[in-house]
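Colleague: Kindly produce the complete structure, drawing on both the sequences and the hints.
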Amino acid sequence: MQINKIPLDEKGEAYINTYVIEDSKQFQTGKIRPAVVICPGGGYSYIADRESEPVALRYLTHGFHAFVVHYSCGEKALYPKPLVDLAKSMAIVRKNSEEWHIDPDKIVVIGFSAGAHLASMLGTNWNKEWLKKITGFDPQEIKPNALILGYGIYDFNEKGDGQNKNKIREEDATLYQRIFGTSDPTEEQVEKLCPIKHISQSTPPTFIWHTFMDELVPVGNSLKFAQALNENNVPFELHIFQDGPHGLSLANETVERGKDFVNPHVAKWHLLSAEWIKKLFEEKN
5 MQINKIPLDE
15 KGEAYINTYV
25 IEDSKQFQTG
35 KIRPAVVICP
45 GGGYSYIADR
55 ESEPVALRYL
65 THGFHAFVVH
75 YSCGEKALYP
85 KPLVDLAKSM
95 AIVRKNSEEW
105 HIDPDKIVVI
115 GFSAGAHLAS
125 MLGTNWNKEW
135 LKKITGFDPQ
145 EIKPNALILG
155 YGIYDFNEKG
165 DGQNKNKIRE
175 EDATLYQRIF
185 GTSDPTEEQV
195 EKLCPIKHIS
205 QSTPPTFIWH
215 TFMDELVPVG
225 NSLKFAQALN
235 ENNVPFELHI
245 FQDGPHGLSL
255 ANETVERGKD
265 FVNPHVAKWH
275 LLSAEWIKKL
285 FEEKN
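Numbering-wise, the sequence shown is residues 5 to 289 according to my numbering.
In case anyone wonders, no lab produced these hints; they're calculated from the structure. One or more of the hints may lead you astray.
Stated by the list, open to error - Okay, the calculated beta carbon distance ranges per label pair:
{"id": "1", "residue 1": "Asn100", "residue 2": "Lys80", "range": "22 to 32 Å"}
{"id": "2", "residue 1": "Ile7", "residue 2": "Arg261", "range": "22 to 32 Å"}
{"id": "3", "residue 1": "Asn237", "residue 2": "Gln30", "range": "14 to 24 Å"}
Unchecked claim - Here are the simulated DSSO-like cross-link-like pairs (lysine-lysine), alpha carbons at most 27 Å apart as the crow flies:
{"id": "4", "residue 1": "Lys99", "residue 2": "Lys132"}
{"id": "5", "residue 1": "Lys136", "residue 2": "Lys85"}
{"id": "6", "residue 1": "Lys201", "residue 2": "Lys163"}
{"id": "7", "residue 1": "Lys228", "residue 2": "Lys283"}
{"id": "8", "residue 1": "Lys15", "residue 2": "Lys136"}
{"id": "9", "residue 1": "Lys132", "residue 2": "Lys288"}
{"id": "10", "residue 1": "Lys80", "residue 2": "Lys35"}
{"id": "11", "residue 1": "Lys196", "residue 2": "Lys85"}
{"id": "12", "residue 1": "Lys35", "residue 2": "Lys283"}
For glycine and all other residues, C-beta sits at the position ideal for the given N, C-alpha and C.
Modeller: Here it is in structure tokens:
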């Protein structure tokens with residue numbers, strides 16, 4: 005396996021980690037494979053380790069090359085910088101597709117939590133003129149061929165109900181400060197960064213999963229995102245699991261941070277997503 009670190013900016017604060025399957029002379033020589041580009045969560049404050057390399061390694065077992073994007077966070081998270089980082093990552097993967105034995109038409113962007121917000125921002129804006137203007141990339145260079153989204157924020161106006169509503173508002177204020185540069189953004193600013201507002205027939209096929217019991221990001225985000233995909237005739241698969249806290253990642257012992265984060269039932273999302281990718285790309289052949 006080729007593991008490398010590729011900088012995305014001059015200081016190397018944003019970068020990609022590559023997990024490229026070595027081309028063997030003994031079997032599957034020259035095999036062209038799909039790739040997954042992973043955006044971990046962390047509330048745009050940090051990159052969550054639990055949603056990084058462990059996830060990449062799991063997709064490797066299904067025969068996919070994997071890349072983890074360490075996009076700009078914290079004081080560097082002011083938009084559009086994280087989106088530019090992801091766009092640049094996609095362009096790098098496509099540019100090197102021949103060398104790395106990647107099918108350039110089978111590149112999936114995977115996101116968790118804030119990373120799912122970032123992934124869906126690219127998925128709904130990849131062909132927009134404003135993004136081309138700030139990145140300098142042709143839309144086809146940065147286009148995701150599919151999305152896999154886990155417990156993400158797609159509509160900042162979705163606050164949910166119940167006892168966690170105030171906690172969600174407090175978290176939103178902190179998140180807003182990072183990505184908008186203010187805890188009180190205008191409606192126009194918020195709408196621009198609400199992926200659900202930008203879904204169109206150009207949005208790629210999407211696999212969505214979430215838990216009903218998510219205490220931090222209301223499940224309504226995923227339900228509404230799926231509904232908007234449906235209204236635009238975009239193929240999707242939606243899995244809402246009943247139990248489980250926010251930030252489950254693979255929901256297994258490898259990434260657990262307490263007994264609530266091990267959930268064999270929810271852990272099936274990973275296999276389901278791999279099956280979905282394979283079926284989707286088989287239909288493209």
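Colleague: With reference to the structure, classify each hint as holding or not holding.
Modeller: Evaluation of the provided hints:
1. Asn100 with Lys80: 22 to 32 Å: Holds: the Cβ-Cβ distance is about 25 Å, inside 22 to 32 Å.
2. Ile7 with Arg261: 22 to 32 Å: The hinted range 22 to 32 Å holds for Ile7 and Arg261, with Cβ atoms some 25 Å apart.
3. Asn237 with Gln30: 14 to 24 Å: violated (45 Å)
4. Lys99 with Lys132: Within the cut-off at roughly 21 Å; holds.
5. Lys136 with Lys85: Distance ~13 Å between Lys136 and Lys85 Cα, so the pair holds.
6. Lys201 with Lys163: holds (16 Å)
7. Lys228 with Lys283: Cα-Cα ~25 Å, so holds.
8. Lys15 with Lys136: holds (23 Å)
9. Lys132 with Lys288: Judged against 27 Å, a Cα distance of about 24 Å means the pair holds.
10. Lys80 with Lys35: Violated, at roughly 38 Å.
11. Lys196 with Lys85: holds (14 Å)
12. Lys35 with Lys283: holds (18 Å)
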